[in-house]
Amino acid sequence: MKKELGTFPSEAGSNVLKETSASEAFTDQELVGRAKEGNRNAFDQLMERHQREIITVAYRMLGNYDDAIEVAQEAFLRMYRGLPRFREEATFRTWAYQITLNLARHRRLWYARHRVAQTISLDAPVSDEGDDPVYEKIQDPAPTPREEADRAELREAVSGAVGQLPLPLRTVVVLRDTQGLPYEEIARICRENIGTVKSRLHRAREMLRELLRGVTA
Amino acid sequence: MNLGCKDCRPQLSPYLEGELKPSERESVESHLAGCPSCSAELSGLKGTLVQLKELPQPRIPSDFRQQIWEKIDTENRWTRMRRWLLEPWYIKLPAEALAMVAVTLLVIQVTLIINPRPGPIPVVPEGPYPTSQTLAEVAPRRQETSPAPRPTLEAAKKVSIAKELASAEAGAAGLVPPGQATHIRLAVSDLAEAGTKLGPIIEESHAVQVERPTPTRYYLVLAREQADQFMKRLSELGQTQELGSTPLPADFYQSMSESRQRDSAAPVTIMLDLIQAEPSQ
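The listed protein sequences derive, respectively, from chains A and B.
Mapping to my numbering: the first sequence position 77 is 77, numbers consecutive.
To convert a position in the second sequence, counted from 1, into my numbering, add 1000.
Bound conformation, chain A alone (with noise of 0.2 Å):
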């Protein structure tokens, strides 16, 4: 059966966004290619299959919503900008990844030129009431008010320690130990090789004990 990936309404002004719920059925080799041709429902698809771990990262990376949420938007951008030049040796999601850290360590660095003060927690206690704007109620089997208060502590320690390590370590951490990627597409996204990434890893793990030595059993 051929697949039909439709039109996307041609210019600004369409508010709705098309769902695109057989969006599953295509690969994102498939829909770069269609993107390449100027069909902007395909790129939307993309971005509706990556915004999550996009906005995820450059949370993590920043530690603030606000400016997660502009270096994701800008991150698209580019993205679309730069789609002419992509030359899919690396997947669309490791070249999603690397324009975001990119921009997420430029980011970082302004904080650092203006001092900006950075905020350290990456979690901010979450709202079971769905008021938080940042994050999302999380579905969880009714844990006693006790046990919510022990573990939003803990959620908050380590997301302050992971915010501590420096730039590599933390980028590394992210990437494997939150987002769960291979090490072989980290090692791309990061542009080195395996070794160095497991390296990386084991030193940020190490660190974040310390960092949470006492807190943690």
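Hints should not be assumed to be uniformly reliable.
[What the hints assert, rightly or not] Short, incomplete list of chain B residues facing chain A, as computed with Cβ under 10 Å:
no.	residue
1	E1026
2	L1049
3	E1054
4	K1071
Worth flagging that the hints you see were computed from the coordinates, not collected in a lab.
Think of the CB as a built atom: it goes at the ideal place given N, C-alpha and C, for glycine as much as any other residue.
Fit chain B to the known structure of chain A by using the hints.
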């Protein structure tokens, strides 16, 4: 090989990742079996990894993609407009020519504002003029060019420009520093008579009596080439003394700019005081 805690700790993360060689793995496991501290560290590390994995994900704004498309479309519109404006030669060239003309005109305009051409500058006075014949002659012309009797904002600007001009010209003439006049004292035997004789001398020297704040004090402006002649004529009236330069009163330039209508040459500004000469012994 028996591991110590110090050697075992760095192996825990690779151990969890399954990256150790079988012999290394065995060493770690045997150490862990007999070391509660390293076992606790291992379970702590596992707990941390679980925590990292379970960190909640940030919310995706409902208009996240829509905002991106809006930015893309805005960018596209600008790109199209730029192409439309600049790409075909038959539009690009005239547009560039027009832009150059516009910039040139702007530069000329700005230059004229900063450094206007010399010429009469109509000024609305702030108050009544001092009664002098010379200024009385000037006054009607002023009224022709500027009928508004009251000071206005524009008049104030012109006064300011006139001040700058007068100051700059006097400075350029090298005779008096800006804001200064040459102070001359003329000792005469008869003040009334000297006052009467001074009128024709001023006239003949083509000088302008800008102001006469007191019966014996004259502010005069005259062309540089007339200065010697004027001084010679003054010496006929009495003993002249040049006392150097003196600051001009604040409102002097307003009147002075009027005098430029008659004499646009670089002026010499003089403050002349008539004093009673002491009777000779």
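Hints, one by one, checked against the model:
1. The restraint placing E1026 (chain B) at the interface with chain A is violated, with a minimum CB-CB distance near 19 Å, outside the 10 Å limit.
2. The interface hint given for L1049 (chain B) is met, as the beta carbon of that residue sits about 6 Å from the closest beta carbon of chain A, less than 10 Å.
3. Hint status for E1054 (chain B) relative to chain A: holds, with the closest Cβ pair at about 8 Å, below 10 Å.
4. Annotation: interface hint on K1071 (chain B) holds; nearest CB of chain A at approximately 6 Å, less than 10 Å.
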